[in-house]
Amino acid sequence: MTDPTAEFFEELGTRGSEPLLRRSTGTVRFDLSNGKRTERWLVAIRKGDLAVSRRNVRADCVVSADKALFDDIVTGKTHAVAAALRDELNLEGDVRLVVALQRLFPGPARSRRRRRATTSTRGKK
Amino acid sequence: MSDGLVQILDGNTFVVSNTNGDIEASLTDPTGLFSFDTRFLSTWVLTLNGERLNPLSVDDLQYFETRFFLVPGTGTVYIDAKLSVIRRRAVGDGFHEELTILNHHDAHVDLVVRIDAGCDFADLFEVKDALAKKGKYYARVESGRLRLGYQRERFTRETLISASAPARVDKGGLTFKTRIEPHGSWTTDLDVVTASGAGGTYVRPKYARGTRRARPSMELSLEKWVADAPRLECDHDELRATYRRSLVDLAALRFSPPIAGGRSLPAAGLPWFMTMFGRDSIFTSLQALPFTPELAATTLQALGDWQGSRVDDFRDEDPGRILHEMRYGEMTAFEERPHSPYYGCADATPLYVVLLDEYERWTGDRRLVRELEPQARAALAWIDEYADLMGTGYVWYQRRNEKTGLENQCWKDSWDSISYRDGTLPGFPRATCELQGYAYDAKVRGARLARLVWKDPDLADKLEKDAADLKRRFNRDFWVSDGEYFALALDTEGKQVDALASNNGHLLWSGIVDKAKAKAVSEHLMGPRLYSGWGVRTLAEGEGRYNPIGYHVGTVWPFDNSFIAWGLRRYGFKEEAAQVASGILDAAEFFAGRLPEAFGGYGRSVTKYPVQYPTACSPQAWSTGTPLLLLRTMLGLEPAGEHLVVDPALPMGIGHLELLDIPGRWGRIDAFGRGRVLTDTKAKSVRRRRSSGGGRSTREVRR
Chain A
1 MTDPTAEFFE
11 ELGTRGSEPL
21 LRRSTGTVRF
31 DLSNGKRTER
41 WLVAIRKGDL
51 AVSRRNVRAD
61 CVVSADKALF
71 DDIVTGKTHA
81 VAAALRDELN
91 LEGDVRLVVA
101 LQRLFPGPAR
111 SRRRRRATTS
121 TRGKK
Chain B
1001 MSDGLVQILD
1011 GNTFVVSNTN
1021 GDIEASLTDP
1031 TGLFSFDTRF
1041 LSTWVLTLNG
1051 ERLNPLSVDD
1061 LQYFETRFFL
1071 VPGTGTVYID
1081 AKLSVIRRRA
1091 VGDGFHEELT
1101 ILNHHDAHVD
1111 LVVRIDAGCD
1121 FADLFEVKDA
1131 LAKKGKYYAR
1141 VESGRLRLGY
1151 QRERFTRETL
1161 ISASAPARVD
1171 KGGLTFKTRI
1181 EPHGSWTTDL
1191 DVVTASGAGG
1201 TYVRPKYARG
1211 TRRARPSMEL
1221 SLEKWVADAP
1231 RLECDHDELR
1241 ATYRRSLVDL
1251 AALRFSPPIA
1261 GGRSLPAAGL
1271 PWFMTMFGRD
1281 SIFTSLQALP
1291 FTPELAATTL
1301 QALGDWQGSR
1311 VDDFRDEDPG
1321 RILHEMRYGE
1331 MTAFEERPHS
1341 PYYGCADATP
1351 LYVVLLDEYE
1361 RWTGDRRLVR
1371 ELEPQARAAL
1381 AWIDEYADLM
1391 GTGYVWYQRR
1401 NEKTGLENQC
1411 WKDSWDSISY
1421 RDGTLPGFPR
1431 ATCELQGYAY
1441 DAKVRGARLA
1451 RLVWKDPDLA
1461 DKLEKDAADL
1471 KRRFNRDFWV
1481 SDGEYFALAL
1491 DTEGKQVDAL
1501 ASNNGHLLWS
1511 GIVDKAKAKA
1521 VSEHLMGPRL
1531 YSGWGVRTLA
1541 EGEGRYNPIG
1551 YHVGTVWPFD
1561 NSFIAWGLRR
1571 YGFKEEAAQV
1581 ASGILDAAEF
1591 FAGRLPEAFG
1601 GYGRSVTKYP
1611 VQYPTACSPQ
1621 AWSTGTPLLL
1631 LRTMLGLEPA
1641 GEHLVVDPAL
1651 PMGIGHLELL
1661 DIPGRWGRID
1671 AFGRGRVLTD
1681 TKAKSVRRRR
1691 SSGGGRSTRE
1701 VRR
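Chains as they are written, first to last, in the numbering used here: chain A, 1 to 125; chain B, 1001 to 1703.
What the hints contain is simulated information worked out from the structure, not anything from laboratory work. There could be a bad hint or two in this list.
Stated by the list, open to error - Output of the computed footprint for chain B on chain A, the stretches with three or more beta carbons under 8 Å from beta carbons of chain B:
no., region
1, 14-25
2, 29-38
3, 102-111
Said to hold, decoys possible - Computed list of lysine-lysine pairs in DSBU-like fashion (alpha-carbon distance at most 35 Å, straight line):
no., chain 1, residue 1, chain 2, residue 2
4, A, K36, B, K1082
5, B, K1495, B, K1462
6, B, K1177, B, K1082
7, B, K1082, B, K1136
8, A, K77, B, K1462
9, B, K1471, B, K1455
10, B, K1224, A, K36
11, A, K47, B, K1455
12, B, K1403, B, K1495
13, B, K1519, B, K1462
14, B, K1471, A, K67
15, A, K36, B, K1136
16, A, K47, B, K1465
17, A, K67, A, K47
18, B, K1517, B, K1462
19, A, K77, B, K1519
20, B, K1134, A, K67
21, B, K1136, A, K77
22, B, K1519, B, K1471
23, B, K1403, B, K1517
24, B, K1495, B, K1136
25, B, K1082, B, K1134
26, A, K47, B, K1495
27, B, K1403, B, K1133
28, B, K1224, A, K47
29, B, K1224, B, K1177
30, A, K67, B, K1133
31, A, K77, A, K36
32, B, K1133, A, K77
33, B, K1136, A, K67
It should be emphasised that the depicted structure is a prediction, and the values quoted were computed from it without experimental measurement. Glycine included, every Cβ here is placed at the ideal spot set by N, Cα and C.
The task is simple: from the sequences and hints, build the whole structure.
Here you go:
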């Protein structure tokens, strides 16, 4: 069975440095629960340099969510900010770190970059 | 402010009430306690022995604090009132109300004091559009306090109400029974606190009981804010008042996004637009740069933090794009609106680079420019890679969110703002002219930063080459030769959308206009079709869609005019810039120094006073910033290296004018000017301030 969340964090750990996070320094812990157990991912950011581990330690920001929801977030099916506003994603601590990290989540698969627009005719009066 | 309503606010929390302090909202009535785009209190009605109260007077103590003086009775007759009531209310994480009842009679009175409380937890969008709720309400009485709540799935919003005096609490409010002795008084404190999320943590309102003697922190920060800004000395009382009003309103419009670490940026407007807007926050920061440069720093950081990183059609997001608007309410949460955040505007991204460069020119803060290098590069890349929808080398816009996205993604965002002379509307995408100007300016300024700060001469060369090419093509493709002005836009066939509009002034500001064409453009701006005597109309008289009270098709926008004045100065039209400043500042006097978002395009000789365009939002940030930018243009303030050049051209009637302690990379500098005649520039002088002589310290802000 595939585990999108694990794939996301493992890939993140191989990036080394991420330019989008160059202004961020701090640790974010993700506590993801499937109802029975909670799996934890710790992302340490130092001016864009990234280290990912499974350590359960204190972090500058803690994100708690259902594992299934997080699977949807890292595959672009759910928007992280909207989910946080719905109280499905609980944030504690330095929220700026999560604002920075959420930029790494993919967009919806349906959205396609528009190259050329469809030519619309001259409009109505 | 809306008629008959009282507003106080703290960040994006605000209270709108009737003049007696009561709140009686319906889904469509915009009164209540609002926070993070949600209404947390929609009923708050005070009665004494079942009787409503009437206002004697309302003191707007501060923008976050109001005092209502009330008497019992109905109608307008309150003969021999034996009781009077004072409600003193301060907002901040909810609100705090100090309720005092005075008995003026020789005998005691027995009173039943009742506060009816209730909440509809409406989203601001619902208040504006009158939509129905999808979740469930609840009300609980808990150890002397009332908890009102709303839940939809996990989305939970709650209001907690408590009092200092013993009260009987029920699900509809609080009741106090009291006897007040002859000439005595009774008082209670009421706390209304908001919370988000199930089991959300509650904080006491900022100015809650027990801290009565302490001055609210916002008042202190207001005093400091005004004291930190440059001081204006002049013979012209009204201008001084307008300047003071602008500073105070700008303080009220400061908004601390949850991610800005306590620092603030200008929100768009009060009360409905107390949130981050890309365009409005950038324009206002530009206007205020010579006065309060820290607003620009926060704007750049916060907008940079939220810069688009992926393609998302619902939010019209692209990598590198700067957001249009951020919202926190229920409809945004459930994706019934795209504002989490929404990216559908085409100007904020190039303007982001413009602000970054202008900020460096004033403050010399290269650390921030280095820090935001990736953001600025991504913004510059967006212009070429994502904004050129037609592949013609211009910035175009067309929404991908067809349902709830914005059709017009330029500052004139109403449906009919972009038209041909005959009033016909073009199809989409559209390439409006001012977007090309902003893109040109972004490339020129980006090149300067690349060379100077990022040490990337190759990028600088490329940007300069692209900018020169854009300017050449623009002056060929957009120039309406039989009218001698720039077309409002190009349509999809590359044809000119040929109405004459105020956008020409923004082109001067951006510097994209060929010198040889500038004179004709300035003559149009100051000519009878565009210039009303108060200001430059959004659309010229005689165009098919011209309407003196049409939102973007004939009204005069103070903000628009402040950038037009800047543009006129840029091309050396000092007299014309002074004329624009003079007209707008004259208009400000009719609004007690608080310029509205827009006023009618009627000729000044016809109406004698500026006719305000009806709008619910005041003050508006970029109208508030307008007098500041006009002061800059009148004094001709322009950073040049480590110095500030002052080259005044003051309108007649302003007399002597001094702007003292202008902050920047030079430390603090004073500027002087005299407006004996319209173009008098002889009185110019710059004086470097000596070290602290008069109690105010001189701060050197050198790197």
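Status of the hints after comparison with the structure:
1. 14-25: The restraint on the region 14-25 of chain A holds, since 4 of its residues have a Cβ under 8 Å from chain B and three suffice.
2. 29-38: violated (count 0)
3. 102-111: With 8 residues in contact (Cβ-Cβ under 8 Å with chain B), the coverage given for the region 102-111 of chain A holds.
4. A/K36 to B/K1082: With Cα atoms ~66 Å apart, A/K36 and B/K1082 exceed 35 Å; violated.
5. B/K1495 to B/K1462: Given pair B/K1495, B/K1462 holds - Cα atoms ~28 Å apart, limit 35 Å.
6. B/K1177 to B/K1082: holds (18 Å)
7. B/K1082 to B/K1136: Status violated; Cα separation ~44 Å.
8. A/K77 to B/K1462: violated (38 Å)
9. B/K1471 to B/K1455: holds (25 Å)
10. B/K1224 to A/K36: Violated, at roughly 54 Å.
11. A/K47 to B/K1455: Status holds; Cα separation ~20 Å.
12. B/K1403 to B/K1495: Status holds; Cα separation ~28 Å.
13. B/K1519 to B/K1462: Measuring from Cα to Cα gives roughly 30 Å; hence the hint holds.
14. B/K1471 to A/K67: Given that 35 Å is the threshold and the Cα spacing comes to 52 Å, the pair is violated.
15. A/K36 to B/K1136: Roughly 29 Å separates the two Cα atoms, so the pair holds.
16. A/K47 to B/K1465: Holds, because 33 Å separates the two Cα atoms, which is no more than 35 Å.
17. A/K67 to A/K47: Roughly 28 Å separates the two Cα atoms, so the pair holds.
18. B/K1517 to B/K1462: Holds: B/K1517 and B/K1462 sit about 26 Å apart, inside 35 Å.
19. A/K77 to B/K1519: violated (54 Å)
20. B/K1134 to A/K67: Roughly 26 Å between the alpha carbons, so the hint for B/K1134 and A/K67 holds.
21. B/K1136 to A/K77: holds (27 Å)
22. B/K1519 to B/K1471: holds (17 Å)
23. B/K1403 to B/K1517: violated (41 Å)
24. B/K1495 to B/K1136: Violated. B/K1495 to B/K1136 sits at ~54 Å, over the 35 Å cutoff.
25. B/K1082 to B/K1134: Violated, because 47 Å separates the two Cα atoms, which is more than 35 Å.
26. A/K47 to B/K1495: With a Cα-Cα distance of about 48 Å, the restraint between A/K47 and B/K1495 is violated, given a limit of 35 Å.
27. B/K1403 to B/K1133: holds (20 Å)
28. B/K1224 to A/K47: holds (33 Å)
29. B/K1224 to B/K1177: violated (43 Å)
30. A/K67 to B/K1133: holds (29 Å)
31. A/K77 to A/K36: holds (24 Å)
32. B/K1133 to A/K77: Roughly 25 Å between the alpha carbons, so the hint for B/K1133 and A/K77 holds.
33. B/K1136 to A/K67: Holds: B/K1136 and A/K67 sit about 26 Å apart, inside 35 Å.
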